[in-house]
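Based on the sequences and whatever the hints tell you, model everything.
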Amino acid sequence: YEEYIFADVRKRHDLAFAWLYQEYVYANGYLSILDPNKKKDFTKYDDTLCRLLEYLQEKPDQRDGLFSRLLTSAPLITDNALLVLKRYCQDETRSYLGMNTLRDLIFRRMNMREKFLDILLDFTHNENISVRNNAIRIAKSLHDKEEFKQPIERHALQFLKHL
Numbered sequence: 001y002e003e004y005i006f007a008d009v010r011k012r013h014d015l016a017f018a019w020l021y022q023e024y025v026y027a028n029g030y031l032s033i034l035d036p037n038k039k040k041d042f043t044k045y046d047d048t049l050c051r052l053l054e055y056l057q058e059k060p061d062q063r064d065g066l067f068s069r070l071l072t073s074a075p076l077i078t079d080n081a082l083l084v085l086k087r088y089c090q091d092e093t094r095s096y097l098g099m100n101t102l103r104d105l106i107f108r109r110m111n112m113r114e115k116f117l118d119i120l121l122d123f124t125h126n127e128n129i130s131v132r133n134n135a136i137r138i139a140k141s142l143h144d145k146e147e148f149k150q151p152i153e154r155h156a157l158q159f160l161k162h163l
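Using our numbering, the first residue of the sequence shown is number 1, and each one after it goes up by one.
Keep in mind that the hints were calculated from the coordinates and are not lab data.
Honestly, I wouldn't trust all of these hints.
Unchecked claim - Subject to a maximum C-alpha distance of 20 Å in a straight line, what follows is the list of computed EDC-like cross-link-like pairs (lysine to aspartate or glutamate): (1) K115 <-> E147; (2) K145 <-> E92; (3) K59 <-> E3; (4) K86 <-> D41; (5) K86 <-> E114; (6) K115 <-> D79; (7) K145 <-> D118; (8) K115 <-> E146; (9) K161 <-> D104; (10) K145 <-> D104; (11) K140 <-> E127; (12) K86 <-> D46; (13) K161 <-> D122; (14) K115 <-> D104; (15) K140 <-> D118; (16) K86 <-> D122; (17) K149 <-> E114.
Said to hold, decoys possible - Estimated spans, in silico, between C-beta atoms of each pair: (18) T72 <-> T43: 14 to 24 Å; (19) D14 <-> R108: 14 to 24 Å; (20) F159 <-> R113: 12 to 22 Å; (21) R87 <-> Y21: 22 to 32 Å.
Every residue, glycine too, gets a C-beta built ideally from N, C-alpha and C.
Shown next as structure tokens:
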């Protein structure tokens with residue numbers, strides 16, 4: 001079924017999402033009634049998520065927002081998936097969508113909010129002007145919200161110390 005999904009992920013994204021959720025269920029051990037001591041292993045889930053993200057990242061047309069939808073609706077965002085998102089954000093042609101995805105993740109994933117915010121703030125001093133401007137735009141809009149003022153200002157002060 002993998003070949004079928006990857007043959008046209010954009011048209012079969014519902015199957016891709018179902019596949020990802022199936023891997024998450026297996027990894028979490030929800031189906032291991034026979035062996036309740038089985039250790040959780042998210043390797044296959046991580047591989048599936050990253051393969052889907054990398055496939056979508058390689059495609060030139062991103063208007064459908066499938067990359068962002070996959071990330072924001074994934075049951076778990078792994079460290080490897082974050083690396084794919086960082087590469088996506090560093091691509092000058094996709095930086096705008098990547099930063100908006102980071103913003104959405106900051107609002108939707110409370111348990112990883114700090115990590116996502118740190119990634120965004122690191123992009124505010126990126127050498128690429130387009131990437132940096134997109135990150136600054138999002139950071140400024142977040143700074144208007146009280147819960148983000150302190151961490152954003154703390155990051156800015158830390159960065160100033162390195163100058």
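Status of each hint after checking the structure:
{"no.": "1", "hint": "K115 <-> E147", "verdict": "15 Å, holds"}
{"no.": "2", "hint": "K145 <-> E92", "verdict": "27 Å, violated"}
{"no.": "3", "hint": "K59 <-> E3", "verdict": "17 Å, holds"}
{"no.": "4", "hint": "K86 <-> D41", "verdict": "24 Å, violated"}
{"no.": "5", "hint": "K86 <-> E114", "verdict": "15 Å, holds"}
{"no.": "6", "hint": "K115 <-> D79", "verdict": "10 Å, holds"}
{"no.": "7", "hint": "K145 <-> D118", "verdict": "16 Å, holds"}
{"no.": "8", "hint": "K115 <-> E146", "verdict": "18 Å, holds"}
{"no.": "9", "hint": "K161 <-> D104", "verdict": "29 Å, violated"}
{"no.": "10", "hint": "K145 <-> D104", "verdict": "14 Å, holds"}
{"no.": "11", "hint": "K140 <-> E127", "verdict": "19 Å, holds"}
{"no.": "12", "hint": "K86 <-> D46", "verdict": "16 Å, holds"}
{"no.": "13", "hint": "K161 <-> D122", "verdict": "14 Å, holds"}
{"no.": "14", "hint": "K115 <-> D104", "verdict": "13 Å, holds"}
{"no.": "15", "hint": "K140 <-> D118", "verdict": "14 Å, holds"}
{"no.": "16", "hint": "K86 <-> D122", "verdict": "10 Å, holds"}
{"no.": "17", "hint": "K149 <-> E114", "verdict": "13 Å, holds"}
{"no.": "18", "hint": "T72 <-> T43: 14 to 24 Å", "verdict": "23 Å, holds"}
{"no.": "19", "hint": "D14 <-> R108: 14 to 24 Å", "verdict": "20 Å, holds"}
{"no.": "20", "hint": "F159 <-> R113: 12 to 22 Å", "verdict": "20 Å, holds"}
{"no.": "21", "hint": "R87 <-> Y21: 22 to 32 Å", "verdict": "24 Å, holds"}
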